[in-house]
Amino acid sequence: MSRLLLLDGHSLAYRAFYALPVENFSTTTGQSTNAVYGFTSMLINVLRDEAPTHVAVAFDRSRQTFRTQEYAEYKAGRASTPGEFVGQVDLIKQVLDALRITHVEVDGYEADDIIATLTAQARAEGLEVVILSGDRDAFQLVDERTLLLYPVRGVSETWRLTPEKIEEKYLVRPERYSDLAAMVGESSDNLPGVPGVGPKTAAKWLAQFGDLTGIVGAADQLKGKAGQALRDHLDQVLRNRRLNQLVGDVPLPVGVADLQARGWDREEVHRVFDGLEFRVLRERLFATLESAETEAEEGIEVAGSLLGPGELASWLGEHAGPGERLALVVQASPRTAAGAGEATGLGLAGAEHAAYLSLDRADVDDERALRDWLADPACPKVLHDAKGQTASLETVGLPVEGVVSDTALAAYLVRPDQRSYDLADLALRYLHRELRLDEGTDDGGDDGQLALGWDDGEQEQADEVDAAAGRAAMVHARAVHDLSVTLDEELSDEPEQHLLRDVELPLVGVLRRMEQAGIAVDLPMLEALEGEFAAAMAQAQQDAWDALGDDTVNLGSPKQLQVVLFETLGLPKTRRTKTGYTTDADALAGLYAQTEHPFLEALLRHRDKARLRVTAEGLVKSVADDGRIHTTYQQTIAATGRLSSTEPNLQNIPIRTEEGRRIREIFVVGRDASTGTGYESLMSADYSQIEMRIMAHLSGDEGLIEAFRTGEDLHRFVGSRVFGVQPEEVTLEMRSKVKAMSYGLAYGLSAFGLSKQLTISTGEAKQLMEEYFERFGGVRDYLRDVVAEARRSGFTETILGRRRHLPDLLSDNRQRREMAERMALNAPIQGSAADIIKVAMLRTERALREQGLASRMLLQVHDELVLEIAPGEREQVETLLRAEMGGAADLSVPLDVSVGVGRSWHEAAH
DNA sequence: GCGCAGACGTA
DNA sequence: CGTACGTCTGCGCG
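In our numbering, the protein residues as written are 258 to 1167.
In case anyone wonders, no lab produced these hints; they're calculated from the structure. Glycine included, every Cβ here is placed at the ideal spot set by N, Cα and C. Take the hints with a grain of salt, since some may be wrong.
As the list claims (entries may be wrong) - Cβ-Cβ distance ranges computed for the label pairs, FRET-style:
id : residue 1 : residue 2 : range
1  : THR593    : GLU986    : 51 to 61 Å
2  : PRO1151   : ARG918    : 22 to 32 Å
3  : PRO984    : ARG1041   : 22 to 32 Å
4  : GLN675    : GLU624    : 32 to 42 Å
5  : GLY837    : LYS878    : 27 to 37 Å
6  : ASN1070   : GLY580    : 49 to 59 Å
7  : ALA881    : ARG523    : 51 to 61 Å
8  : PRO278    : ASP515    : 31 to 41 Å
9  : ARG966    : GLU280    : 30 to 40 Å
10 : GLU280    : GLU789    : 50 to 60 Å
11 : ASP400    : TYR1000   : 56 to 66 Å
12 : ARG1131   : ASP1153   : 18 to 28 Å
Claimed, not checked - With a straight-line cut-off of 30 Å between C-alpha atoms, the simulated BS3-like cross-links for lysine-lysine are:
id : residue 1 : residue 2
13 : LYS461    : LYS426
14 : LYS457    : LYS482
15 : LYS1013   : LYS835
16 : LYS482    : LYS461
17 : LYS457    : LYS332
18 : LYS830    : LYS1013
19 : LYS332    : LYS482
20 : LYS1023   : LYS830
21 : LYS457    : LYS480
22 : LYS830    : LYS816
23 : LYS422    : LYS332
Based on the sequences and whatever the hints tell you, model everything.
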């Protein structure tokens, strides 16, 4: 089916110009580009969504048209064209030329007339038509085969106006809309309406008399004031109608056949986009155009062999020479609390061939060949989720060396804020292939097997379960192999290759060993603690019920609490949430301060104890058979580059309150699972104020750097500068204000947010920030520049070159844009800290090994490492940690590490 | 059984 | 109207 896409160039450019803040869109030469950006963005979206076969863009040539000749006031009263808009239309035409999209303009006519003419031609030739225009005059063109996309709210959302939609929203069918508009008026065209006649009256008349001609003929019958008004303004209405009628037979230099989409000029697109400094948009454009060029998604084909007993060695000999990269996919039994499941089968795929080996069917020769190949660092392997996959092999005594890529990690480095790195998702995203097994028709599995090109002889021997499993494993391995090639190209920058090769990949093994080690738990103490919290919770619940005189309310239900607080007790309303009023701890504490109602005290206490109980209970459930808790570290979740910890999350164990800290007492020193040797203590080492140090380094601010070099208390130092007093004269209040602000700045804190947090006026907060920036101007400049640079490039970067793309920096939606700006402020700081501790972990593990130490790393909590210390190694490990953590990055300020030791995590804290 | 919202723990 | 996470509970959906 052929489909013609028509755009109204001027109306879209204007809309974009007013939707996008012009100050965020200019080239280094000072040319404004917001209209070009918005227009191009809309164009890309519509090309992607509508997949037209023919395209044209119509422009107005000048304001002099047959309409201004009839009515000099037509479109008068419009503000003169802003200076920043001038020139952008020509730039839009350059973009169109690069894309080989025809643009048309004709003296004496408006863009809408050209669109009407082309629409008429296209319909006559049997094409579907899609019009993208912000001008209501285009409504009259809509019919069953002509769709209007009408931009609403900025440049990212459009209404799809069909005849039904127009009737629903504007009360008349599209062919009568111009009649209605003639009576109601159109302010943007400076066409006045009949006083007292709105859309409802006009629609009613149209329903009654059919069309405007009918209404005019029956004008005498129209009742009331509105009827009289129409009679008084008949000439004006008829003139409006002549003016808003689009011309469907403009003499055009092109016909529909000339508009067929042609190949775009890749080099010219690069040249034009370079000039415009559009980076993000270029990527979006290429992605859209290239995926349009790709054929419809298909499954993955693979030629492979099901290996029978004794056949692995020769297959590897033929296809897995040193230097030949093989993808490896491990099938395994389900994982257990203590760790990974057991590997049961392997899919292998090189550039050409694939194979499957069932470990159950493998003989001694196969096992030896497999073990040698897996353990050989010279035989390069690529995996998807190497940590989980290699853990399953480790479980059956097969260590893996020579992992040169992990497709999940590579995809994460390319785009760290995707929600999934499933193999199937990546295959679709990067290979345009469905990772779905082609099951063929219903006549059994033979079709699928033939599609895979299995060797017929082996097929006879394989049982059906193995055959299906083998087929899946080979298809997956083929996907992993092809993905690793594609993602390698995506990660061609040297810093990103370094991140993958020298940081993320080696970290996989470190994390796997930390997970396998787990941390010992004092289970009796934990269970006692859980009981204690449960009792305190029950008491708090009873107290709350007593205060209320009602023992049916569920204190854990915010919904029920809202009824109690704001209806039963009639307390003042709190901050709004989506569904009502918040009952969070801050708000409850505020209410308590106002009212001192005993229910509130008991409720807050209940929340507290319930939380502690649930935390303790969760930990009890997580203790594995070996008496230890084994968390799982996620390496591809946090968009900034941090790790995250799940099942259980050991990165959010309480520490701030006295009672919460008691939970840290149950994490204790333990014994080695295999040797049974006891360890001596736990050691905790953390970076002090690492994010502020990174801020000092990245901003190069002299004052902040000096603060860290002198080794003085940071917040006291900053406080003395901000408040203009001697360091020893900085009061605790001054110190805490400055501390809140210093940290807040790295998160994009506003004066409003600061005032809220410190319970001071917005004015005071503003004053405080100004004083701060006065003294630490480097910080102000840095924060400003980092966002501007991200806006230009489309991404932020950490000290190791880890990127985070933030396309929303150019959004027309203020909320989204400002959110992206805060992310852009924070990502380099939080992400650089993540880089540094990852490097520190690699250095620490290597140093422990090189020095022959038995102590081991157990936990990472963003700026802290927890280690289990073997007898007699305490001093050496402490020295080692200070050196390896402190030397993990070369910043313009020192990286201070503070270390503590004890029998529990609590005692090791310092 | 599943997904969402609200609440809250950490850095 | 301050970033980054994970988990639990209640609740409405089907």
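For the pair supplied as a hint, LYS422 and LYS332, is the alpha-carbon distance within the 30 Å limit?
Roughly 27 Å separates the two Cα atoms, so the pair holds.
Item checked: Hinted pair LYS457 and LYS482, Cα distance within 30 Å -> holds, 15 Å
Problem - Hint check for ARG918 and PRO1151 - Cβ pair distance inside 22 to 32 Å - result: holds, 29 Å
Original post:
Between ASN1070 and GLY580, does the C-beta distance stay in 49 to 59 Å?
Top reply: holds, 50 Å
Exercise. Quickly compare the C-alpha distance for LYS1013 and LYS835 to 30 Å and report which way the hint goes.
Key: Judged against 30 Å, a Cα distance of about 21 Å means the pair holds.
| query | CB of ASP400 to CB of TYR1000, is that within 56 to 66 Å? | reply | holds, 60 Å
- How does the Cβ-Cβ distance of GLN675 and GLU624 compare with 32 to 42 Å: does it lie in that range? holds, 38 Å
Beta-carbon spacing of THR593 to GLU986 - inside the hinted bounds 51 to 61 Å or not
This hint holds: roughly 60 Å between Cβ atoms.
### Message
Can you tell me whether the CB distance of PRO278 to ASP515 sits inside 31 to 41 Å?
### Response
holds, 37 Å
Worksheet entry | Pair hint LYS1023 and LYS830, alpha-carbon separation not exceeding 30 Å | holds, 28 Å
Original post:
Are the Cα atoms of LYS830 and LYS816 separated by 30 Å or less?
Top reply: Holds - the C-alpha atoms of LYS816 and LYS830 are around 14 Å apart, at most 30 Å.
Item checked: Distance restraint hint 18 to 28 Å, applied to the beta-carbon atoms of ARG1131 and ASP1153 -> Hint holds: Cβ distance 20 Å, inside 18 to 28 Å.
When the structure is compared with the earlier hints, no violation turns up for any of them.
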